[in-house]
Structure formats: structure tokens, C-alpha cells
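Per our numbering: the sequence shown = residues 9 to 189.
Derived by calculation from the structure, the hints in this document are not laboratory data. Keep in mind the model is a prediction, meaning the values are calculated, not measured. Treat the hints loosely; a few may be bogus.
Dumping the calculated BS3-like pairs for lysine-lysine here, alpha-carbon to alpha-carbon at most 30 Å [stated by the list, open to error]:
#	residue 1	residue 2
1	K77	K59
2	K59	K138
3	K138	K65
4	K164	K65
5	K138	K164
6	K77	K65
7	K138	K77
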Amino acid sequence: MFKYIDVGSFDVTHLPKKQLDIVEADSFWTFSALLDTIQDNYTFAQPGIQKKVSDLKDLMNRADPALYKHFEYHQVEFLQFAFRWMNNILMREIPLRATVRLWDTYLSERHGFSEFHTYVCAAFLRLWSKQLLNEYDFQGIMLFLQSLPTQGWTDKQICELTADAYSLMQVFHGARSHLKD
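All chains, full assembly: derive it from the sequences and hints.
Right, here's the structure in full:
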């Protein structure tokens, strides 16, 4: 049986060397698996991030056309906020505990970091759609997007977010051309 450990405050120096070696090996494997799927995010001109931002923009045009048009009307470019989401894999947008839970989901998906993350970002935007539609200028929209109210997020919110992302992926992934206007 495992006992709950708070990943944000646990001091790893208290682990026996054998356990620390296991944690180190698991951490190395996990990080290697992550980097293998998003390597093109961190090469010259960052083509992976550019493509993901473009895919997010196209997806939002279909998944939430009202929000997409609202962004267009106020000249909000997806690159202005989604670049950070793609570059940091939402780590700056949600608390550490929620990030660990989200990344665990990504690791369990075949293309979690490289493909599923875009759907998570779309679900993330849809979650805030009502508030964003109530912002009536570029500055208000950008300030909201740069300071989302996620400080108290737990597994529950991540489960809801990933469930919506999974639904979006089931509807839109592989259906790009026949769903365009």
C-alpha cells in the first residue's frame, strides 16, 4: 500500500540510497520519454511549437467559433498566449500538483505531449470561454490569459480538463479536412 506524499514539499534527501536510485532512473526515463515526443519544440525556429499553436488556432475555430471570432475582433493572436502554453507545457498556468497529474496523463497517452497537449490547451480555453467573452478589449483578454485563476486546482479539475480534451480529440483528430468550413 502506498501512502500519499505531497510532491511539492517532500524532501527527497530522507530517502534511502536504493530508493533514490530508483526515483532517479524513473525520472530519467520519464524525462527522456517526454523529450523524445517534443524535440522539435526546442530546435531552431521552434517548428513544433509553431505547428501546435497553429493547430490550436484551427481547432478553436471549430470547437468554439464564438471565442475564436472574439479573439479575431480584438486582434488577439494565439501566438501571444499559446506559445507559453506550448513551450512550458502549461507548467506556469497551473500549480505543481496539478502539473504532475496532467503530465502523468500525457505520459499515459501514446502522443500525450506531442498531440494530446493541443487538445488540453483547447479544453483549457473552452473552460474560460465565458469569462474571455466578457472581456471587451485586447488588454483585458491578455491579462486574463496571463493570470488564470487556477491556484486551487486539484486532481478534480485536471480530470475534467483532460476529459474535455479527450472528447475534442475524439471528434477532431484525424478529421481536419472534412470539418473545415
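We went through each hint and held it up to the structure:
1. K77 to K59: Since the Cα atoms of K77 and K59 sit roughly 20 Å apart, the hinted pair holds (cutoff 30 Å).
2. K59 to K138: OK: K59 and K138 at ~26 Å, within 30 Å.
3. K138 to K65: 18 Å, holds
4. K164 to K65: Given pair K164, K65 holds - Cα atoms ~26 Å apart, limit 30 Å.
5. K138 to K164: Given pair K138, K164 holds - Cα atoms ~20 Å apart, limit 30 Å.
6. K77 to K65: 11 Å, holds
7. K138 to K77: Holds: K138 and K77 sit about 13 Å apart, inside 30 Å.
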